[in-house]
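K.L.:
Generate the whole structure from the sequences, applying the supplied hints.
So you can see what is in the structure, the chains are spelled out below.
There are 6 protein chains.
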Amino acid sequence: MTKKRTTQSDLAGSELYDPMREPRYAEIATFMRAPLAHSLTDVDIGLIGVPTDLGVTNRPGARHGPREIRNSSSLMRTFNLALGVNPYELCRIADLGDVRLSHRYDLERQNEDIAAFYRVVHAAGVRPVTAGGDHSITYPILQALGHDRPVGLVHIDAHCDTMGEIDGSKFHHGGPFRQAVLAGVLDPERTIQIGIRGPAEVFWGFSYESGMTVLHIEDVDRLAIEGVVEQARAVVGDGPTYVSFDVDGLDPAFTPGTGTPEAGGLTPREAQAILHGLKGIDLVGGDVVEIAPQYDATSNTAMVGAQMLFELFSLMVLGPHLNRRGS
Amino acid sequence: MTKKRTTQSDLAGSELYDPMREPRYAEIATFMRAPLAHSLTDVDIGLIGVPTDLGVTNRPGARHGPREIRNSSSLMRTFNLALGVNPYELCRIADLGDVRLSHRYDLERQNEDIAAFYRVVHAAGVRPVTAGGDHSITYPILQALGHDRPVGLVHIDAHCDTMGEIDGSKFHHGGPFRQAVLAGVLDPERTIQIGIRGPAEVFWGFSYESGMTVLHIEDVDRLAIEGVVEQARAVVGDGPTYVSFDVDGLDPAFTPGTGTPEAGGLTPREAQAILHGLKGIDLVGGDVVEIAPQYDATSNTAMVGAQMLFELFSLMVLGPHLNRRGS
Amino acid sequence: MTKKRTTQSDLAGSELYDPMREPRYAEIATFMRAPLAHSLTDVDIGLIGVPTDLGVTNRPGARHGPREIRNSSSLMRTFNLALGVNPYELCRIADLGDVRLSHRYDLERQNEDIAAFYRVVHAAGVRPVTAGGDHSITYPILQALGHDRPVGLVHIDAHCDTMGEIDGSKFHHGGPFRQAVLAGVLDPERTIQIGIRGPAEVFWGFSYESGMTVLHIEDVDRLAIEGVVEQARAVVGDGPTYVSFDVDGLDPAFTPGTGTPEAGGLTPREAQAILHGLKGIDLVGGDVVEIAPQYDATSNTAMVGAQMLFELFSLMVLGPHLNRRGS
Amino acid sequence: MTKKRTTQSDLAGSELYDPMREPRYAEIATFMRAPLAHSLTDVDIGLIGVPTDLGVTNRPGARHGPREIRNSSSLMRTFNLALGVNPYELCRIADLGDVRLSHRYDLERQNEDIAAFYRVVHAAGVRPVTAGGDHSITYPILQALGHDRPVGLVHIDAHCDTMGEIDGSKFHHGGPFRQAVLAGVLDPERTIQIGIRGPAEVFWGFSYESGMTVLHIEDVDRLAIEGVVEQARAVVGDGPTYVSFDVDGLDPAFTPGTGTPEAGGLTPREAQAILHGLKGIDLVGGDVVEIAPQYDATSNTAMVGAQMLFELFSLMVLGPHLNRRGS
Amino acid sequence: MTKKRTTQSDLAGSELYDPMREPRYAEIATFMRAPLAHSLTDVDIGLIGVPTDLGVTNRPGARHGPREIRNSSSLMRTFNLALGVNPYELCRIADLGDVRLSHRYDLERQNEDIAAFYRVVHAAGVRPVTAGGDHSITYPILQALGHDRPVGLVHIDAHCDTMGEIDGSKFHHGGPFRQAVLAGVLDPERTIQIGIRGPAEVFWGFSYESGMTVLHIEDVDRLAIEGVVEQARAVVGDGPTYVSFDVDGLDPAFTPGTGTPEAGGLTPREAQAILHGLKGIDLVGGDVVEIAPQYDATSNTAMVGAQMLFELFSLMVLGPHLNRRGS
Amino acid sequence: MTKKRTTQSDLAGSELYDPMREPRYAEIATFMRAPLAHSLTDVDIGLIGVPTDLGVTNRPGARHGPREIRNSSSLMRTFNLALGVNPYELCRIADLGDVRLSHRYDLERQNEDIAAFYRVVHAAGVRPVTAGGDHSITYPILQALGHDRPVGLVHIDAHCDTMGEIDGSKFHHGGPFRQAVLAGVLDPERTIQIGIRGPAEVFWGFSYESGMTVLHIEDVDRLAIEGVVEQARAVVGDGPTYVSFDVDGLDPAFTPGTGTPEAGGLTPREAQAILHGLKGIDLVGGDVVEIAPQYDATSNTAMVGAQMLFELFSLMVLGPHLNRRGS
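Protein sequences appear in the order of chains A, B, C, D, E and F.
Here the first sequence is numbered in the numbering used here, starting from 1 and rising by one per residue.
Here the second sequence is numbered in the numbering used here, starting from 1001 and rising by one per residue.
Here the third sequence is numbered in the numbering used here, starting from 2001 and rising by one per residue.
Here the fourth sequence is numbered in the numbering used here, starting from 3001 and rising by one per residue.
Here the fifth sequence is numbered in the numbering used here, starting from 4001 and rising by one per residue.
Here the sixth sequence is numbered in the numbering used here, starting from 5001 and rising by one per residue.
Wrong hints could be hidden among the right ones.
Listed below are several chain C residues computed to face chain B (Cβ distance under 7 Å; list not exhaustive) [stated by the list, open to error]:
(1) 2024
(2) 2077
(3) 2081
(4) 2082
(5) 2208
(6) 2254
(7) 2268
(8) 2269
(9) 2272
(10) 2297
(11) 2298
To spell it out: a stretch of chain C is covered by chain D in this simulated footprint if at least three of its residues, at any positions, have a beta carbon under 8 Å from a beta carbon of chain D; those stretches are [what the hints assert, rightly or not]:
(12) 2217–2230
(13) 2240–2253
(14) 2259–2267
The calculated DSS-like cross-link candidates involving lysine-lysine, where the alpha carbons are at most 25 Å apart (straight line), are [unchecked claim]:
(15) 170/A / 1170/B
(16) 3170/D / 4279/E
(17) 2170/C / 5170/F
Since the hints were made in silico from the structure, they are not lab data.
No residue lacks a Cβ here, since even glycine has one placed at the ideal position from N, Cα and C.
P.N.:
Given below as structure tokens:
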């Protein structure tokens, strides 16, 4: 099967058009310059935007994340050197557009829209890789992906995001993993949280009580990246696993464009080494969240986010149970 | 009566401390370096922040408006040259802090909190001048101020803000004046909207149907500022009047830090001339809204907002029915 | 004929999807959220990007213009109040994508690619409205549009752009109108240049010698906008006319994101009033050029550019000889 | 006499090198790409930087003004269209470098250094055009230029700058014109202050008491630019006159990069029209002050400053008593 | 004893008001959202701003540091995970406002004001944690704290700050530790300087001659953080110790908003690990200095500064001789 | 021999003027505040700007690099601590200005101009240290320096830059080292590339085929800096060697101002340690390229670039075969 890469207007004879060879600043911006899918047929991995920040507790702006990540993702190319793979050769990867949210001011309804969308995607056998949006979106995604069997989780973040209700809502971006465990779609024993820090520990008792493995940033220093990888692999095992990457897990110097920065985080090199170390796990979905472009004076945050999305689906194509193109 | 200006820590003998004489960058930032009130007693005009942007349709960020306006307002001093008045000499002016919002993710509940707060302020005989927040906050403020008698309105804005429901809510920032008319707290016949433009006219039929006077930016060019002032005074007459100033009424070159900029707006000089022209009206309250600091690379938007707040309460002290200090 | 507005992925039942009703930050960014055309059939007005800045003499960056204008153009809606028209009701308007440039480092070859593209568009009866790119792109566009009959021109700019060769090239962004006259595709007697200023007058003798009408910014002050409109209409008459809008015609406070800013320019309100005054001319094409997003800290320049593109095709649908939808 | 324009390294045969023809971003940045003078011989007009902001009351940064103005001034060219003159053809214009300040933390000593420098320049018959620095520098400049005969003054500013002592010093940037009058080097009767606004009027009684003409921004609206020019010419007459241009006289939308912005100011077009209206006065010196680049996200402030410096020496060469090249 | 946290206006029944639970963007900004003290009674640790940058040698702006740090410090919460302590439970911590400086243009007089203020604080048994301001402020602080017995010092910085007189002053920000040793208030044998780099070594001979321990950045690489901590503990021992944290000790990627950045510095993680390693020392005071917000496009510098202040007083409450609440 | 440091106007008796002692913001900006040379006589090391970005494939802007690096380089001083040398004491170091490019729009002609300039410099026995400009400039520099004998290369970069033709040119910034090997001026066996990453590996087969040593970022993690240094020294040996430093070799958090950022790069500390490790090699030239100031919101990129230039000529003066002052 030949994949025709034509997300763009093809007035000029697009049969030969390969967006990866075009100038990075040209044409409409889709995720990774991948084709914009009009159906789920012929798609193995779907790149999806969820443009909302209704769940944030502090600085909003992540609703603009998907667009800016699409824009910056034109910097990406096709070969993942560290993982030794060109994911486009193994799978059909497409931009599925954004989830449409019927209620702009109602977090609970938005969650329902998101869950419904991912159920359709999941039922079609398409593996989703998502660009947020704030972290509240991960709960409804997990509702869809973990419905039949709770998933495991590698969670890179400054915060555990297992808080309870704040100011009248339990669906805010500080608590998706609590809700997911309570809903039975996330297995806390198969969950590891990496990069945790900041002075809000008091709110995260649920992580410990439910049996999650929590690696504070000091633990990362202590274990070194090799030790972190070893522990992460041990926790998630070979069951279906999700990776949720909050860009505030990185130090704000690398990802300033986010809503709740915490000093003293991971470097992108460390985070990439962790992801590379997960090679071979059964990655059923992943997301990169909390990119707020208006705080991103250099656009580095969106660029790093695009890179991490690329790492995620590079990792995904190397997993054991994935649909593969033409197969 | 002597007003002691001591909003700040007075460890160093503050009896003599006049924040207006201190460096503008020193000490805690209150609105205009006015004292922070701990009760409504001894206050004639209350400066209030409403830190929410839950009602926006596009770029959020106005929740950070009150803090940044407080910060920039240190540039203000005491004498309003065009109006010929030092408002601090006529009235006791204080920072009343921010309205506390019990529900962070529920626009309707926030409206209730805001209305409740302003009812208390209003009942105490304190005239409120408000720093938003997005424009959705003006409806609950008017609920309090117009409860006994519908107020008139001078509304400077790029948008009429008389839309109906969007995506499941009628309380968003595009519709407060529709709600206020429907609630009987705003008199549309005594309402004038100035600076209207942009390609969303189709949503604003309510303005015309209800009897509001709408001056598009082309009308401002046609009438000149003198004509605008004349018409505004004719519309609001000598009844109780509110002034609502959305900074997107100005051209985005002057106020870039806002959520829905529209090219081709008023200049600050024009807006100030309009406000100065209202001298003598019975101003019962006013607000400056839609300042989103993260889009305000120069901080000019917050500075202009602070200036307009100063114009509003300078105007207010010259009105006919105001409590005055010591009286 | 029903226009289905579906530029985006329609996984969720897009028959009912109207991007103009969606949040402005959602989905893939096309010009004005118009559909992305895959052929020239069923298109009356084509919105086209030309992503190059190879012709600049000073600060580069306009190659990124089309993407950022697409992004900012989501702020636009459908009704042009001043012109009293919803252009989408009269014409089928689509995003035709970007012109593909086969040579990234050769200005002359790029010009050939551009001219070839516009010849195809022109032959199909589609009227082009273009987002640059630097001003060098207007010459090849005029080569296509003025091939059969030289066009007239309303040119808003700080610079006359009628210089000769610089540093080995005559195709730079300082000379497209000289080349167009010499190529016989632009009628200098039907050309008016508005907003000219800055200390480079010495290079623009060709404007005067060829018979163009040049209105310096001081002339705009002297004539007032009404006088400018009158003169522009007299110059271009009822023949086919092109409008070329260099954003540096505006004062840099309004459009900082450009390569050769000149203090003391037009305001957007003035420029819009000039464009509105052209209602009824036979507009065969138009462009907005020289938007360099990396110098546009507030994104206002792209937003103003999007507004001016909207003005251009609003004007175009009101012209005498245009294809109209379904006709 | 032939002027060799070689401020730069001439390794490549600079006899033919004309910096005005070179790319604007090339080579070392001098004011206007003028030659860097190593003596006062053969110079008619000297462009001088005074890199200090020790006198500011609020936001510092103007110490970086001269460098950034030099950088931005490469955008300037040679012909002043409105004044009809190429100043380089009439006078020898050179960059004299920066005044060296022996005491970095002592405002009073700095004033002495500045006065000493300008006395040397003045004695050599060179007319100085200065880039600040904060406004405190104008007093020592006037000490040198007005020593023999008090000068007249056209002062464009938001503030009168005639305050007395603040916090232990009378030499701050809010009072240079008070000191100059008291020192007998400035004639208040021949002084006009244009663009004044902001809520600090109470500090400027000295302006009125000493006999200065003060035009508030509302007066500018009332008189129109023609009236302002008329009054300015009447005030300064044909005696020796200085022009001091504080960029905060302009609206902060045009010149955000300054320390004490005030909403509602002049536009550059208005300011240029005022300066052009002064054609023929005996301009003995001029300055552009208060440019603080770190607040100038777009670099527009430095660009406008460079333009105003160009206007100043264009005006200067048209005056009655100037040394002219070769004469 | 119950600590009522009410720094803000308590119109709405503040008895129950806990600012740490409020949205981070709400209300007046005090350091850490701690109460603003009106006396020194009932305060154990005082957070103090010193808003001056009169001592800088290069880019000014640190006068705006205290305000911006107050603003960013709302991101902090209450529990210090690495140190295992909630400092608010052990001590009464309050914002003491800013030191008032009677002379705005006289560095020497400012030093006297600062020393006087800290003598009062010290005499009251309150331990000060200070937000600068430039580094010149540390000398007068040490004059107060080290008066009875010279203190030891852990000094994190890119520069040794032991220079002598520059341009007429010895009190600039490049020399406070030289002055402190010469005044007998700092014990050089108990002083360690960490992170030193940059090409100005020649000025810092005093550090070596006086007996300070200097760890260049290369030494940090060589010793690793564990070795640095070991050496720091050995140097300061169990005597009274001060920690002075200049944000330019960190790499400019993490703290761009500072006046004299030097490439190749510490990471926040390293700096935090060093501070955590000091657990148990007798910390009598600390400061974070040289934050210049106008160079801090992302606000990360102020955020990191707030974090380091939090680390300092977390460390302080764990020391041996501190007043504790209610005790 | 005494070196008089007078790059600036010496109206005030400059015999004693030492720019290194002056405020960093004062006077005209030359590289490192070194004197601007008017001939090659008496120069040992020449600092040269090459202001072009015609060769970039993505974001342009590096044409502005030399000016901004000159500006930021005022932060440098004279002593290189890690290398233990004051290079100004050993060699005569001067700013040679910028290479003049006769063709602004023709990459091939620009290459010829550059090669010609460096041949003159090389023939004069002056060692060049260059500030770019994009990476395409290194090929013509090597044409000059490697003409007699191919040089070795230490190349720090995210990209191998050994691609072939793109879009009609082989001289773009992605291929200079391929061209240099093919031209016989670069010895691939003596070439090491450090820091390589990003998803474009497929284009760099030439590096491997020609025999270059390629160290990916993962190799740097694996070998540690000591291992990298060892390998670099082994590769280049004691023959003539060039160091080319592309700032995108560093992580974009440290150098955001560049055209093709790649997440996960070197830190400045690592890069400096690598350069310091090269002490003693025969460095015949070096460059720092790809600094695009308009993407450099903090100016850190230019500052880091200046630091690396300082490292390069500090290293150079310690080499075995260099001309030394007075010798």
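K.L.:
Quick one, is the residue 2077/C hint okay against chain B at 7 Å, beta carbons?
P.N.:
4 Å, holds
K.L.:
Take a quick look at whether residue 2170/C and residue 5170/F sit within 25 Å of each other, Cα to Cα.
P.N.:
24 Å, holds
K.L.:
At a threshold of 7 Å, is the proposed contact between residue 2081/C and chain B supported by beta-carbon distances?
P.N.:
5 Å, holds
K.L.:
Do the numbers back the hint for residue 2297/C, that is, is its least Cβ distance to chain B under 7 Å?
P.N.:
4 Å, holds
K.L.:
Are there at least three residues in the region 2240–2253 of chain C whose beta carbon sits under 8 Å from a beta carbon of chain D?
P.N.:
holds (count 3)
K.L.:
Does residue 4279/E lie within 25 Å of residue 3170/D when you go C-alpha to C-alpha?
P.N.:
It is violated: about 49 Å lies between the C-alpha atoms, which goes past 25 Å.
K.L.:
Count the residues of the region 2217–2230 of chain C whose CB lies closer than 8 Å to any CB of chain D, then report whether that count reaches three.
P.N.:
holds (count 3)
K.L.:
Checking hints one by one. Is residue 2272/C an interface residue toward chain B, by the C-beta closer than 7 Å rule?
P.N.:
5 Å, holds
K.L.:
Per the coverage rule (Cβ-Cβ under 8 Å, at least three residues), is the region 2259–2267 of chain C covered by chain D?
P.N.:
Check passed, 6 qualifying residues.
K.L.:
Does the closest beta carbon of chain B sit nearer than 7 Å to the beta carbon of residue 2269/C?
P.N.:
Residue 2269/C check passes; min Cβ-Cβ to chain B is 5 Å, inside 7 Å.
K.L.:
For the restraint on residue 2082/C, tell me whether the closest CB of chain B is nearer than 7 Å.
P.N.:
6 Å, holds
K.L.:
With a cut-off of 7 Å, does the beta carbon of residue 2208/C approach a beta carbon of chain B closely enough for the hint to hold?
P.N.:
32 Å, violated
Of the numbered hints given earlier, the model fails hints 5, 16; all others are met.
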